[in-house]
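Q: Letter by letter, the chains look like this.
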Amino acid sequence: MGKPVKKILNDPRQAVTQMIDGLVLASDGLTRRLSGLDAIVRTDVPDGKVALLIGGGSGHEPLFHGFVGQNLGDGAACGQFFAAPAPHIIYEAAKAVHRGNGVLFLYGNYAGDNMNFDIAAEMLQDEGIDIRTVRVTDDVAAAPPERTHDRRGIAGDVLMIKIAGAAATTLDSLDEVERVARKAVANVRSMGVAVSAGSIPETGKPTFELADDEIEVGMGAHGEAGIARQKLAPADTVADALLDRILPDLPFAAGDEVALVLNNLGATTMMEMLVVNRRVRQVLQERGIIVHRTEVGTWLTVQEMAGFSLTLMKLDAELKQYLDMPCQSVGFSRMGAV
Amino acid sequence: MGKPVKKILNDPRQAVTQMIDGLVLASDGLTRRLSGLDAIVRTDVPDGKVALLIGGGSGHEPLFHGFVGQNLGDGAACGQFFAAPAPHIIYEAAKAVHRGNGVLFLYGNYAGDNMNFDIAAEMLQDEGIDIRTVRVTDDVAAAPPERTHDRRGIAGDVLMIKIAGAAATTLDSLDEVERVARKAVANVRSMGVAVSAGSIPETGKPTFELADDEIEVGMGAHGEAGIARQKLAPADTVADALLDRILPDLPFAAGDEVALVLNNLGATTMMEMLVVNRRVRQVLQERGIIVHRTEVGTWLTVQEMAGFSLTLMKLDAELKQYLDMPCQSVGFSRMGAV
Amino acid sequence: MGDAGLSAKDTVEMLKAVARAVIEQVDVLTDADLAIGDGDHGIGMRRGFEAVLTALDACGPGIDAGFRATGMAIMANTGGAAGAVFGTVFTAGAKALAGADRLDADGIRRFLAAAQEGVAKRGGVTEGQKTMLDALAHADRAATDLNDLSTCLTAAARGAEAGVEATKSMIATTGKARSLGERSLGHPDPGAMSVAIIMAAMRDFVLVGVTDEGERIG
Amino acid sequence: MGDAGLSAKDTVEMLKAVARAVIEQVDVLTDADLAIGDGDHGIGMRRGFEAVLTALDACGPGIDAGFRATGMAIMANTGGAAGAVFGTVFTAGAKALAGADRLDADGIRRFLAAAQEGVAKRGGVTEGQKTMLDALAHADRAATDLNDLSTCLTAAARGAEAGVEATKSMIATTGKARSLGERSLGHPDPGAMSVAIIMAAMRDFVLVGVTDEGERIG
Ligand SMILES: Nc1ncnc2c1ncn2[C@@H]1O[C@H](COP(=O)(O)OP(=O)(O)O)[C@@H](O)[C@H]1O
Ligand SMILES: Nc1ncnc2c1ncn2[C@@H]1O[C@H](COP(=O)(O)OP(=O)(O)O)[C@@H](O)[C@H]1O
Ligand SMILES: [Mg+2]
Ligand SMILES: [Mg+2]
Ligand SMILES: [Mg+2]
Ligand SMILES: [Mg+2]
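Residue numbers (this note's numbering), protein chains in the order written: chain A, 1 to 338; chain B, 339 to 676; chain C, 677 to 894; chain D, 895 to 1112.
Treat each hint with caution, since some may be false.
Simulated restraints, written as ranges between beta carbons of each label pair [claimed, not checked]: (1) C:G804 with A:E146: 13 to 23 Å; (2) C:A734 with B:A571: 49 to 59 Å; (3) C:K797 with A:D316: 30 to 40 Å; (4) B:S511 with D:I1065: 37 to 47 Å; (5) A:E122 with C:K685: 30 to 40 Å; (6) D:E918 with A:R287: 37 to 47 Å; (7) A:H149 with C:D821: 36 to 46 Å; (8) A:Q282 with C:K797: 45 to 55 Å; (9) C:K771 with A:E146: 33 to 43 Å; (10) B:E624 with C:G800: 44 to 54 Å.
Once the Cα atoms are required to be at most 30 Å apart in a straight line, the calculated DSBU-like pairs of lysine-lysine come out as [unchecked claim]: (11) D:K903 with D:K989; (12) D:K1062 with D:K1015; (13) B:K569 with A:K205; (14) C:K844 with A:K205; (15) D:K1015 with B:K433; (16) A:K183 with C:K797; (17) A:K231 with B:K543; (18) B:K569 with B:K658; (19) D:K1015 with B:K521; (20) C:K771 with C:K797; (21) A:K95 with C:K797; (22) A:K205 with A:K183; (23) C:K771 with C:K685; (24) A:K205 with B:K543; (25) B:K569 with B:K543; (26) C:K692 with C:K771; (27) C:K797 with C:K692; (28) A:K314 with A:K183; (29) D:K1015 with D:K910; (30) A:K183 with A:K95; (31) C:K771 with A:K95; (32) D:K989 with B:K433; (33) A:K183 with A:K320; (34) C:K797 with C:K844; (35) B:K521 with B:K433; (36) D:K1015 with D:K989; (37) D:K910 with D:K989; (38) D:K903 with B:K543.
The set of hints was computed from the structure by calculation and includes no laboratory data. Keep in mind it's a predicted model, so treat the numbers as computed, not measured. Idealized CB from N, CA, C, for every residue including glycine.
Could you build the full structure based on these sequences and the hints that come with them?
A: If you want it as structure tokens, here you go:
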């Protein structure tokens, strides 16, 4: 942990801008970069479309900027490492995707993101552009249920962008897209567990320290403190600990249909996540909760941090419709229900 | 590196079988497990379809078994950690997906896989089932061009399964599917770089040792020795080193259209891979090589090993057609060209 | 000098000295943020204030122009919570200093008052939440009724330091430190430390003294 | 005993002793594979031979039945290269021993000859490629013309050891060690080590001696 982590980069201070170039190239023409800015937009946003702008700090790839694509985000404002994007980046990205039908801002609920996106929203509203904001607040470890507005956004972002993106392609008013996004965020809950820390290339320092036999339940995506630091436990025990907090929080009840996401924070193996998924499904089955769709993968990362988070979203027919639509981007693609 | 790596598992000796259960559950009904066997098959293989059977050792998730799905593998035989599956697993998996039109075996070229798949193939052929075998041999670091039959299969698997899977859905004879797969394997080349080791849960031991300032170019997916152990270098230097071996090997020439894959071996960040992609594209552009499709992600892993591999496949109209088709599985999904 | 206050030109020099002082403390600020945040405060502030140095070379006449150029450069280049709040500190300060042709003690107080108001509004915070606002508030109170620029800045800098001390005994209720709850006790707030660095740099600049022609005098 | 050879029942006991001996060496074999392979040989062999212990309890009469049960259990449970080659060793051996009602020196030689032939065919290898085939070949040659079972097995075990030694000075040209090239020099081949463990266990079983009723005799 102590010594700077080996990374295959050039100048670390150029990493974010070089990453953005590489990301645009990896999209095979689906996206372009706003010249001179840390912002990515779709090359083909249709006229009159309700625009979806996402974004946040870099270092969490493929989120957020890797989710710009078909039936997903129309554009993304990218910050530096773990730092919310500056207002003018958000402003320019919003103008670049606006097609006369308003823009929905969708991002994780962090003081930095909130302030910078709000400043940009005020600038845009001064110009008469309709801006709505939905903040993702799925992390149940961050605050008690009565203070969801204090909760962080973590891997719930994956389902939120998937659903809002599909809704923004399907519905023709910003009011409607905002309504769907608010319904989705009201029904999504997550919690994560940290196994080992990631590091910021520019400092080479791990964002937190964990003993070789410790894990931290409920830790945030930037190493924010969780609810319990404990000894390494079996997968089934860890899965149960996450479910014990997530299930009663909404609450999720027998007969509910849900989307299930297991998000890898970086260095955890897919094998571990699948072993955890096995246990999660056992418990959900015992509770009579029906899994409509499962996503197991690596989306909201914290550099090479090891650990994962579990997300559940309660679905209705409308949310299922948007969840089941196809989508394509560098970071997240689905064939769609056929 | 020394002390056993923290992993969120139950009994390590149960990890493979529990992983398979979790994988089947994560497929939302797309796949099922052959009862009592480490084998996964599609629930809905159509009658008369040419069957595609993939497989290999476990511990590389999401490959191989995570690639069973629509327009991909019809079934997968799963081995234990880094160990080829036993003949009877392959035999049963093949029988389960066979629909009267033959089965294509597609897997990486390793002594263990070759022997076990061959034993199964002989058993099946004795029963009059038409079996063809295509071994992936994309790792240019493993042997000189005149000995491609001695080359290991690495991330070229991703493109091979994508193309063979689409071909097996589209074409109606095993001869034709085999022809397409052979064309694809003849045109794919890869090389990887190792940054830090992964470990087998059952032993807790890293599969190799690398100094804190060292990387190994050309190392295989199980820690097999590469072609040069060197000091950590900038991303552009590493990208150039890989391209210097890959481009002349086929060779890839000006005007060629290619598919490009950057495969994460596990713990490497997406940011690093995208920074590398930026340089790769610069070089390909200088050489006049056209990238038809890019895939950057985590598919052929070696547990928590850090490092990545670069794969190029030269395409013709037919290979492009299969590459561009949609597909869906736990490990690899695409919306398809629209 | 002192009473007469600083010319626009010297104000720009002072703001450059502030920028250099913050940049120098990158590691201290990053470590403080590692303790209760995500460990990027130092590199974020460096990004912002490096841009400030460039921006100040090109800024127009007027005391407020220097503050506005500083605020916009921070806002555009820092990112994160710090970009928004420290950008606000100087853009709000610029509004409060509009029309002033010299920067005197009264100007400093107007700057501190406007900065607090702007940050409180932007961040939705009040004193006691363990943020940089606490350092601003302490600095402002310490500077009350001191009409000599150097005396005023000396008091303001000492006040900011006291504000940093005060944050040690506060439990964070906003920002990334919030989730630490009790565990944030004992640690100073990184942003408050930045405020202290800024005020100390202003004080040092004025104490050393600079003529309108920019020559140092004893 | 010796000349008379082992009954089917004792042959099964011998094969169980072999299985226990291999299982005991799991770490030694894994470390050897870590050095020039992927570090799973020991755990793979353990998987296989643990299954052998179960299979032998249920196997039918006849010398060959024990060998066949052993080979099938290895083939089905080991996986990797070892599963195929060690499974072949015993299934090929079983074919060679068909009809035999006692296991004598001649039977051991037929077993070793068939094992080599089967592995060479299955693995596409010849001697000198740094595989377990080298240990089999050395064991076979050492056992030539020795008609007393214990003498024959003593020689075969020593031969297998010599085969392991020989692999140290070979450059691997197959399996996962191949890519090491020169760097595989000095390291013994893990599979060859397994062959030596197997032959030594057979020797030890016969030397200690067991009656047809399974009682140990001095
Ligand atoms: N809501 C807020 N209002 C005012 N200041 C805040 C707020 N949230 C955070 N801060 C200040 O920002 C500092 C953190 O800045 P920095 O680490 O650069 O941003 P981030 O928290 O986005 O990583 C904190 O120490 C605190 O002083
Ligand atoms: N082609 C081959 N023919 C015969 N034996 C082989 C061959 N390839 C490998 N082996 C033997 O298998 C051993 C490795 O077994 P193991 O590690 O269990 O399998 P894997 O190499 O698949 O991990 C080697 O030490 C060698 O003796
Ligand atoms: Mg930050
Ligand atoms: Mg192996
Ligand atoms: Mg911070
Ligand atoms: Mg091995």
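Q: Work down the list of hints and note, for each, if the structure agrees.
A: Hint check:
About 21 Å separates the C-beta atoms of C:G804 and A:E146, a value consistent with the hinted range of 13 to 23 Å. For the hinted restraint 49 to 59 Å between C:A734 and B:A571, the CB-CB distance of approximately 39 Å leaves it violated. Hint check: C:K797 to A:D316, Cβ distance near 38 Å, so the stated range 30 to 40 Å holds. Distance hint check for B:S511 and D:I1065: the Cβ-Cβ separation is about 43 Å, which falls inside the suggested range of 37 to 47 Å.
Checked against the hint of 30 to 40 Å, the pair A:E122 and C:K685 passes, with Cβ atoms roughly 33 Å apart. The beta-carbon spacing between D:E918 and A:R287, approximately 46 Å, falls within the hinted interval of 37 to 47 Å. Here the CB-CB span from A:H149 to C:D821 is close to 40 Å, well matched to the stated 36 to 46 Å. Taken as a hint, the range 45 to 55 Å holds for the pair A:Q282 and C:K797, whose Cβ atoms sit roughly 50 Å apart.
Between C:K771 and A:E146 the beta carbons are some 38 Å apart, a value that agrees with the proposed interval 33 to 43 Å. The given range of 44 to 54 Å is respected by B:E624 and C:G800, whose C-beta atoms sit roughly 51 Å from each other. Only pairs whose Cα atoms come within 30 Å are accepted, and D:K903 paired with D:K989 is accepted, the gap being roughly 18 Å. The hinted pair formed by D:K1062 and D:K1015 meets the criterion: a straight-line CA distance of about 23 Å does not exceed 30 Å.
For a cut-off of 30 Å, the pair hint linking B:K569 to A:K205 stands: about 21 Å separates their Cα positions. Distance restraint check for C:K844 and A:K205: the Cα-Cα separation of roughly 23 Å lies within the 30 Å cut-off, and the hinted pair is therefore satisfied. Restraint check for D:K1015 and B:K433: satisfied, since their Cα atoms lie roughly 26 Å apart, inside the 30 Å limit. Between A:K183 and C:K797, the direct Cα distance comes to roughly 28 Å. Compliance with the 30 Å bound is thereby established for this hinted pair.
Restraint check: the Cα-Cα separation between A:K231 and B:K543 comes to about 21 Å, which is no more than 30 Å; the hinted pair holds. In summary, the hint linking B:K569 to B:K658 is not supported, as the alpha carbons are separated by about 38 Å, beyond the 30 Å threshold. The straight-line distance between the Cα atoms of D:K1015 and B:K521 is roughly 28 Å, inside the 30 Å bound, and the hint therefore holds. Between C:K771 and C:K797 the alpha-carbon distance is near 15 Å, which keeps this suggested pair within the 30 Å criterion.
Proximity of A:K95 to C:K797 is assessed by CA-CA distance (about 26 Å); at most 30 Å being required, the pair is judged to hold. Among the hinted pairs, A:K205 with A:K183 is inconsistent with the structure: their alpha-carbon atoms are about 39 Å apart, more than 30 Å. The suggested pairing of C:K771 with C:K685 holds, with an alpha-carbon distance near 18 Å, which does not exceed 30 Å. Between A:K205 and B:K543, the direct Cα distance comes to roughly 25 Å. Compliance with the 30 Å bound is thereby established for this hinted pair.
Using a Cα cut-off of 30 Å, the hinted pair B:K569 and B:K543 holds, with the two alpha carbons roughly 23 Å apart. Distance restraint check for C:K692 and C:K771: the Cα-Cα separation of roughly 19 Å lies within the 30 Å cut-off, and the hinted pair is therefore satisfied. For the hint linking C:K797 to C:K692, the alpha-carbon distance of about 27 Å falls within 30 Å, and the restraint holds. About 10 Å separates the Cα atoms of A:K314 and A:K183, which keeps this hinted pair within 30 Å; it holds.
For a cut-off of 30 Å, the pair hint linking D:K1015 to D:K910 stands: about 27 Å separates their Cα positions. Annotation: proposed proximity of A:K183 to A:K95 holds, straight-line Cα distance about 26 Å (limit 30 Å). Note on C:K771 and A:K95: the hinted pairing holds, with a Cα-Cα distance of about 27 Å set against a maximum of 30 Å. For the given pair, D:K989 sits about 27 Å from B:K433 by alpha-carbon distance, which is consistent with the 30 Å threshold.
A distance of roughly 12 Å separates the Cα atoms of A:K183 and A:K320; the hinted pair therefore holds under the 30 Å criterion. Among the hinted pairs, C:K797 with C:K844 is consistent with the structure: their alpha-carbon atoms are about 23 Å apart, no more than 30 Å. A threshold of 30 Å between alpha carbons decides the hint, and for B:K521 with B:K433 the separation of about 26 Å falls inside it, so the pair holds. Of the pairs offered as hints, the one joining D:K1015 and D:K989 holds, with about 15 Å between alpha carbons and a cut-off of 30 Å not exceeded.
Only pairs whose Cα atoms come within 30 Å are accepted, and D:K910 paired with D:K989 is accepted, the gap being roughly 19 Å. Distance restraint check for D:K903 and B:K543: the Cα-Cα separation of roughly 40 Å exceeds the 30 Å cut-off, and the hinted pair is therefore not satisfied.
Taken one by one, the earlier hints fail for this structure at numbers 2, 18, 22 and 38, listed in ascending order.
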